[in-house]
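Chemist: Quick one: dock chain against chain with the hints and give me the complex.
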Amino acid sequence: DQQVKQNSPSLSVQEGRISILNCDYTNSMFDYFLWYKKYPAEGPTFLISISSIKDKNEDGRFTVFLNKSAKHLSLHIVPSQPGDSAVYFCAASARSGGSNYKLTFGKGTLLTVNP
Amino acid sequence: EAQVTQNPRYLITVTGKKLTVTCSQNMNHEYMSWYRQDPGLGLRQIYYSMNVEVTDKGDVPEGYKVSRKEKRNFPLILESPSPNQTSLYFCASSFWDRVVYEQYFGPGTRLTVT
Numbered sequence: 114d115q116q117v118k119q120n121s122p123s124l125s126v127q128e129g130r131i132s133i134l135n136c137d138y139t140n141s142m143f144d145y146f147l148w149y150k151k152y153p154a155e156g157p158t159f160l161i162s163i164s165s166i167k168d169k170n171e172d173g174r175f176t177v178f179l180n181k182s183a184k185h186l187s188l189h190i191v192p193s194q195p196g197d198s199a200v201y202f203c204a205a206s207a208r209s210g211g212s213n214y215k216l217t218f219g220k221g222t223l224l225t226v227n228p
Numbered sequence: 064e065a066q067v068t069q070n071p072r073y074l075i076t077v078t079g080k081k082l083t084v085t086c087s088q089n090m091n092h093e094y095m096s097w098y099r100q101d102p103g104l105g106l107r108q109i110y111y112s113m114n115v116e117v118t119d120k121g122d123v124p125e126g127y128k129v130s131r132k133e134k135r136n137f138p139l140i141l142e143s144p145s146p147n148q149t150s151l152y153f154c155a156s157s158f159w160d161r162v163v164y165e166q167y168f169g170p171g172t173r174l175t176v177t
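The listed protein sequences correspond, in order, to chains A and B. FYI, in my numbering the residues of the first sequence are 114 to 228. FYI, in my numbering the residues of the second sequence are 64 to 177.
Any given hint could be a false lead.
Stated by the list, open to error - Okay, derived cross-link-like pairs now, DSBU-like style, lysine-lysine, Cα gap no bigger than 30 Å in a straight line:
1) K167/A - K215/A
2) K134/B - K150/A
3) K169/A - K118/A
4) K81/B - K132/B
5) K118/A - K150/A
6) K169/A - K184/A
7) K120/B - K150/A
8) K128/B - K118/A
9) K150/A - K128/B
10) K120/B - K184/A
11) K118/A - K80/B
12) K118/A - K167/A
13) K128/B - K81/B
14) K120/B - K80/B
15) K132/B - K120/B
16) K167/A - K81/B
17) K215/A - K181/A
18) K81/B - K215/A
19) K215/A - K169/A
20) K150/A - K184/A
21) K150/A - K215/A
22) K134/B - K120/B
23) K81/B - K134/B
24) K167/A - K150/A
25) K167/A - K181/A
26) K215/A - K132/B
27) K184/A - K215/A
28) K134/B - K215/A
29) K167/A - K184/A
30) K128/B - K215/A
31) K181/A - K118/A
No wet-lab data here; the hints were simulated from the structure.
Bound-form chain B, shown alone (with noise of 0.2 Å):
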């Protein structure tokens, strides 16, 4: 079945302590991308890749980290987790020609810093 994973799907945390959550897509997709959703405030887009080792600033990443070494897995990484990230996050890929017209969404991961 063809998909888009996240895990940890529920996360709660302290401020300070760092956290990686991972996104792996079985589609072959080049593009991958990390949203957060916050209420009022839509998704917001974090970081994407359009290949390997190829990674870019989206809207609002400061906090944040990714890293792309294998073409399935996108991790996003919080180096020192704040309040402020608490947030529902969301992984998403497509084929790098079909990104404005189609992304392909994981299940989300709830994350929690206290």
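Next up, chain A with everything else stripped away, as it sits in the complex (with noise of 0.2 Å):
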């Protein structure tokens, strides 16, 4: 059973327009949310993150939602850049129930952000 879902496998877009990833969850206790990033070669690094009491997060050119009710958070990356082409991991984790910290994955999705 697949608890975070990544249905996008890729997404192009125009440098300077934004990019619009988007996340979606099955478990309730998921209570924080991370984002990613993977460059070929290089294992993956950190993004931004949510937690479950907040619907939104900015820093710089990246921002998190997070609609509870629905389950569903997205990464907006405004305006976007060609280095910003990368495989994006949406991740969540349920802090007071895990027993062992875990970070739960979702597949990942293809940014190709084009000159």
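Modeler: In structure tokens form, the structure reads like this:
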């Protein structure tokens, strides 16, 4: 059972436009959500996160929105730059219920920003 | 420089030949973990360790062993590798109270088992 779903394997946008990456989850116990970015031949790096008590968190060009009722979160990148081209992983955690401090990852979305 | 290192970065081996992938971190992190990344499956946790001599299974532990004898090292052992263990492996570490907030990942080890 896939608890964190990224239904779009890939996304292509033009430089300067907005990139919107989506993530859905099924476990209502998840209370913390993160986005990781991964370039080829490198490990994932932390990008931005949001607690379930918030509906928005912003960090420069990156904003994460959380809709708890829909069990949906999205990552907005504005404006998109060619250097943003990477695989983006959504991850979630149930901090209060998890005995192993586990992160559950989605399958990832490949973002390509065209110059 | 704070980092997580893995060795080797690339490895091609044959079925049944025992191998070890090393992982080391220099950030004094208590928590360390191993993940595998497969096409269409994302990142799946294999094993994790909350501290020295404390390890536990993740989602896909079958066919793997780990040990944590020192805080900085967390090797992944494949006693008898099989082709279905061909994958991209990542080691990660974190302070115990920041595990679910941010983990630092190594560069990855691409393993091919023929």
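Chemist: Verify the proposed pairing of K128/B with K215/A, using a straight-line Cα cut of 30 Å.
Modeler: Distance of about 18 Å is within 30 Å: holds.
Chemist: Are K167/A and K184/A close enough, with their CA atoms no more than 30 Å apart?
Modeler: holds (13 Å)
Chemist: Does K169/A pair with K184/A here, judged by a C-alpha cut-off of 30 Å?
Modeler: Satisfied, since the Cα-Cα distance of roughly 14 Å is no more than 30 Å.
Chemist: Please verify whether K134/B and K215/A have alpha carbons no more than 30 Å apart.
Modeler: Within the cut-off at roughly 19 Å; holds.
Chemist: Is K118/A within 30 Å of K80/B, Cα to Cα?
Modeler: violated (36 Å)
Chemist: Has the given pair, K81/B with K134/B, been kept, meaning a C-alpha gap of at most 30 Å?
Modeler: With a Cα-Cα distance of about 24 Å, the restraint between K81/B and K134/B holds, given a limit of 30 Å.
Chemist: Do the alpha carbons of K128/B and K118/A lie within 30 Å of each other, as the hint requires?
Modeler: holds (29 Å)
Chemist: Is it true that the CA of K167/A sits at most 30 Å from the CA of K181/A?
Modeler: holds (9 Å)
Chemist: Against the 30 Å threshold, does the CA-CA distance of K184/A and K215/A hold or violate the hint?
Modeler: Holds, because 19 Å separates the two Cα atoms, which is no more than 30 Å.
Chemist: Can the restraint linking K167/A and K215/A be considered satisfied, given a maximum Cα separation of 30 Å?
Modeler: It holds: about 21 Å lies between the C-alpha atoms, which stays within 30 Å.
Chemist: Regarding the pair K120/B and K150/A, is the alpha-carbon distance no greater than 30 Å?
Modeler: Given pair K120/B, K150/A holds - Cα atoms ~25 Å apart, limit 30 Å.
Chemist: Verify the proposed pairing of K81/B with K132/B, using a straight-line Cα cut of 30 Å.
Modeler: holds (20 Å)
When the structure is compared with the earlier hints, violations turn up for hints 11, 16 and for no others.
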